[in-house]
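Given the coordinates of chain S, work out where chain W should sit on it, guided by the hints.
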Amino acid sequence: MKLAWVLGAFVALLVLLAVGLRLNPREVPSPLIGKPAPAFELPLLAAPDKIFSQKDMLGRVWVLNVWASWCAPCLVEHPQITRLAAGAVPVVGLNYKDAREDAMPWLARNGNPFVASVYDGAGRIALDYGVYGVPETYVIDRQGVIRYKRIGPVTPEILKEKIEPLLKELNG
Amino acid sequence: MARFLLVFFCGLAVAQEDPALEKRVRDLSSELRCLVCQNQTLADSNAPLAVDLRNQVREQLKSGKSERDVVAFLVARYGDFVLYRPPLQANTVLLWLGPFILLAFGLFLLFLRIRRKVLAPELSDADRARAARLLE
Chain S
165 MKLAWVLGAF VALLVLLAVG LRLNPREVPS PLIGKPAPAF ELPLLAAPDK IFSQKDMLGR
225 VWVLNVWASW CAPCLVEHPQ ITRLAAGAVP VVGLNYKDAR EDAMPWLARN GNPFVASVYD
285 GAGRIALDYG VYGVPETYVI DRQGVIRYKR IGPVTPEILK EKIEPLLKEL NG
Chain W
4 MARFLLVFFC GLAVAQEDPA LEKRVRDLSS ELRCLVCQNQ TLADSNAPLA VDLRNQVREQ
64 LKSGKSERDV VAFLVARYGD FVLYRPPLQA NTVLLWLGPF ILLAFGLFLL FLRIRRKVLA
124 PELSDADRAR AARLLE
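As given, the protein sequences belong to chains S and W, one line each in that order.
Adding 164 to a residue's 1-based position in the first sequence gives its number in this note's numbering.
Adding 3 to a residue's 1-based position in the second sequence gives its number in this note's numbering.
This is chain S alone, in the form it adopts within the complex (with noise of 0.2 angstroms):
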């Protein structure tokens, strides 16, 4: 009977280590899933003297992905969103917390495939899109609402599991 509850105790707590080691706990869930993707009217990357806002995307399915010329994963995803621009949907880059004399090199170097890409310097929108850590992918819809969003670099299993059916759904 003892015996019994050392056991079955034993195998409780493996339970929970079980899945509770599993758990990232950089993975923060976002606020912004669901709500409108924060307004924006930043400087285009190659022509300073031209704005772009967010508003400029409503009524299409579009992405926006967060990155910069000092961020070692946003090379490694670079495929992933390059693959995903050349399917039908536009991405936007937000260049963050670059130079431009950086950042305009590492695009002729690496390829282009943004759409438009927009100048945050300072860093300064992407604190209001919840950025934590270079590069972010974000899904928004047509009525400018975000619907999901990855933080980190954007694998070729999560392009193909979780952001090109979300995509087809949404443009469905």
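Don't read these hints as lab results, they were simulated from the structure.
Don't take every hint at face value.
Calculated lysine-lysine pairs in the DSSO-like style (CA-CA distance at most 27 angstroms, straight line) [to be verified]:
| # | chain 1 | residue 1 | chain 2 | residue 2 |
| --- | --- | --- | --- | --- |
| 1 | S | Lys219 | S | Lys313 |
| 2 | S | Lys261 | W | Lys65 |
| 3 | S | Lys332 | S | Lys219 |
| 4 | S | Lys313 | S | Lys326 |
| 5 | S | Lys199 | S | Lys324 |
| 6 | W | Lys65 | W | Lys26 |
| 7 | S | Lys199 | W | Lys68 |
| 8 | S | Lys166 | W | Lys120 |
Chain W only, in chain S's frame:
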């Protein structure tokens, strides 16, 4: 000399920059989590994001917003996770009450055990006689 004076006055300017505000910034940011290095407070961390967020806190407090406004601003962007003291709500009930439930359970077990001991049958006369024989 001129350089020394410049350094001196710059130091003075920083020191004079509203110590009350700086204290509020420090107090508030030590209640907030730095999202980059998650086990540090915003006050302790020197990650670039923490510096940005501290500046944001300072800016907002300076413009007359209350501590509560600033916390609401950050929670709207980063979620309850930025708070070192999670709020008591449906999904945190277990977190807040769990320890008390465990304590109550432990006290209950202790109570059962003690009662069993107390209620244990007293020695019968025969037992006493046997004990006395053995002790002789």
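Results of checking the hints against the structure:
no.: 1; hint: S:Lys219 with S:Lys313; in the structure: holds (19 angstroms)
no.: 2; hint: S:Lys261 with W:Lys65; in the structure: holds (24 angstroms)
no.: 3; hint: S:Lys332 with S:Lys219; in the structure: holds (22 angstroms)
no.: 4; hint: S:Lys313 with S:Lys326; in the structure: holds (10 angstroms)
no.: 5; hint: S:Lys199 with S:Lys324; in the structure: holds (24 angstroms)
no.: 6; hint: W:Lys65 with W:Lys26; in the structure: holds (12 angstroms)
no.: 7; hint: S:Lys199 with W:Lys68; in the structure: holds (24 angstroms)
no.: 8; hint: S:Lys166 with W:Lys120; in the structure: holds (18 angstroms)
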